[in-house]
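Undergrad: Given only the sequences and the hints, what does the whole structure look like? Please build it.
Protein chains: 2
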Amino acid sequence: MAALDKVFTARGSPNIALIKYWGKRDEKLVLPWNSSLSITLADDVVNTTTSIVFSKKLTEDRLFIDGKREDLKNKDIEERLWIIEKMRNDADVDAGFLVASKNNFPASSGMASSASGIATLVTAANAALGSGLSKKELSMIARQGSGSACRSIFGGIVEWHVGSRKDGSDSYAEQMFDEKYWPEIIDIIAITSSEKKKVPSRAGMRQTVETNPLFQSRAASAEKRVEKAIIAYKERDFGALAELIMADSNEMHALMMGTRPSIRYLNSASYEIMEAIEELNREAGENIAAYTFDAGPNAHIITQEEFKDEILWALKEMKGKIMETRVAGQGSGPSLLRGDSLIDLARMAPK
Amino acid sequence: MAALDKVFTARGSPNIALIKYWGKRDEKLVLPWNSSLSITLADDVVNTTTSIVFSKKLTEDRLFIDGKREDLKNKDIEERLWIIEKMRNDADVDAGFLVASKNNFPASSGMASSASGIATLVTAANAALGSGLSKKELSMIARQGSGSACRSIFGGIVEWHVGSRKDGSDSYAEQMFDEKYWPEIIDIIAITSSEKKKVPSRAGMRQTVETNPLFQSRAASAEKRVEKAIIAYKERDFGALAELIMADSNEMHALMMGTRPSIRYLNSASYEIMEAIEELNREAGENIAAYTFDAGPNAHIITQEEFKDEILWALKEMKGKIMETRVAGQGSGPSLLRGDSLIDLARMAPK
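Each protein sequence line maps, in turn, to chains C and F. Under the numbering used here, the first residue of the first sequence is numbered 65, with each subsequent residue one higher. Under the numbering used here, the first residue of the second sequence is numbered 65, with each subsequent residue one higher.
Among these hints, one or two may not hold up.
Because identical chains cannot be distinguished in the list, a pair is counted as satisfied if it fits within a single copy or across any two copies.
Stated by the list, open to error - Capping the alpha-carbon separation at 25 Å, the derived lysine to aspartate or glutamate pairs in DMTMM-like fashion look like this:
hint, residue 1, residue 2
1, K262, E343
2, K288, E274
3, K261, E388
4, K260, E343
No lab work stands behind these hints, which were simulated from the structure alone.
TA: And the structure:
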C-alpha cells in the first residue's frame, strides 16, 4: 500500500567491481555478457542518500541531484528514471514523485555514483509505494536503471549473475559473502581526478561491443575469473584474489584501449599507482594489495587492514598526483533512514 | 663460393609495422600467430650498417654492436646469431666470423633495431658465403633470428605471411608494393625515450600468449586487418589505412596491458601523442595521420608528405616530452656497400 505525501529516505554506497562488467547483450533490459563480482563499500565513507515522496499534489515528476534540478527529458536521466515510473505503474499509484539524491563523492568520475544512486532510489521507492519487493527483485529493477547498480542492493561480496534468459529474469544480484565473512578486506580509494568522464560508460560499452574484435574472448575469461575469485574469497586466499582483481582490471582497460575510437579512462597517476602496487607486492614477495579501476582514473586498492598504513604511506609519496584518499570497509547495503529527509518539500515542491 | 678474408657490408633500415606481430606459435622457428604488414623505412634517416668477414684466422666467432663486443654465449645473442652459424654450415665453410653492426638510432627501445640488424647481417653473410639465396629465402632465415626482421629484407610495403606449415616453409616476407607506389607516405618518428625496454619483446610475447585470454581473438582480427590494409593501400585510401593502423596499434598494446604481469611500453608522452593525432584528425574532419607504437614508447606517425609540417608543428607544442623527431620516407631494403667497411680488422681481430 503506497504511503502518499510521506518522505522515504535510503542511504547506500557504491560498489567496486573485482571482476568487471563491460558490455551489454541487451541494451534495454541491461543484460550483460558476463557475470561480475563486487564489494559493496561501507556507507560511512562513501555514500548516496536518496529521498522520494509520491504526492497527488505533484503535477509533474521532479528530480534533484546534489541540489541541482535535473531535466527528466534528458536522455541519460530518462534511461535510468523510467524504472521508477514502472514501479509506480506496477503499484497502481496515480501520483507525481519528487526525488532528491545527494552524494558525498564526485559524481560521474568512475566512482559508480549511478550504482548507489539507483540502488538507494529503488529501495526508497519500494517503501514509498508499498511494493513489498524482495532484494532480488529490486536488484533486477536497479539493473535496468544502471547495470552495476544491481550489485549495490546487497552488502558484502555480491555476484551479478549473467543469466541466459532473453527476458532477463535470471540476471540478478546475489550476496555471496556478507560483510562479516572477511571483514579485514578494505578498499583504499585514491582520487586522482574529479573531472567528469569524457566517454559515459553506456556509450563506451556499446563501442567496445561493436568495434573491438578482442571482446569475443571477454565473456569466457570473466566468467572463469568470477568462479575463481569466489573460491579465493571463500578460502581467504588474498594472493590469488589480488591476482584475479588486477588481471581483470587490466583486461577491462585493455578492451577499452582496443575500442575504436580508443577509450582511455586511466591517467598518468593511475599508471603510477599500478606500478607502485606492483612494486609493493614484489618487495613483499606476495600480493598484499590489488589495484582496480572502474570506468575512470580513480584507483581502488583492495587490501587487508594490516597493510593499510603501508599502502597509504606509498600513496603519500605520490604527493601532487593524488587529490584525496579514503579508506572504506565493507558495507551492508542500502538501508532506510527514519525521520531523516533530504527533501525540503517546502522548497522543492511546486508553489 | 665463399670469399674468405673479405669484408662484406650491408646497410638497411628498420620497418614499422602497420599491422602488428605479437605472439609466436613456434618459438624456435619463430612462426607467428598472424600475418603482419609493415613499411620499410628509408635508410638515409634510420639505418643499421653491418659488416661481416669469414676467416680461417678467426679461431672464435666475434660480434660487435655499436663498438661494444658482445658475448656470443649470451642467450639473447645466441637466439639470433645461430642463423649465421647455420648459413655457414649450409655453405660448408670452415672459418670463424667477425661481425660489426652499427645503428644510428637507440637500440632496444622499440625502434626494431634487431630487425635491421638481422636483415643486414643475413644480407652481408649471403654475399660473404656466396650462398646465392633469394630474398624470400633470406627472409625465412632472418625470421628465425628475429621475427619482424624478415620484413626488413624488402623495401616498400611488406607482408609477412603467417603460413600454416609446421616447418615454417610458408612463413616468409613478400613485398606487396614497392617504395614508389605511394611515395607520399612517410613516417614521422617521435622519440620519447631512449631507455632500454624493461620487458624484451620475446619474453613479452610469450607472456601474452600464455596469460592473456583475449589473445584468442587476436589472430582472426589481425588477419582481417592485413587484408583490408592492403586494399586501402592499393586504392591509396589514407582514411581507411589510418583507421586500421591506429586500431591495430591499440589492439597490440591492449593485449600487452591485459597480460600478467601487465606489460606497458607506452609512457605519458605516448598517450599525449595519441591524443594530439586524434585531435588533428577530428579538426581536419578526416584522418590525416595515424599513430602506431611498436614494443616501446616511441611514436611512429604515418602520414602523407603534405601534412608533414602540420604534424611536426603539433609535436613541437609538446616540447620537453619529445626528445627528437625524424622524418623517414620509404626505403628499398638492404643493399650491399662497396669498399666501405665498418670492420677495422686490425683492431677487432685477435692478435
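Undergrad: Checking against the hints above, which ones are violated?
TA: Structure breaks no hint.
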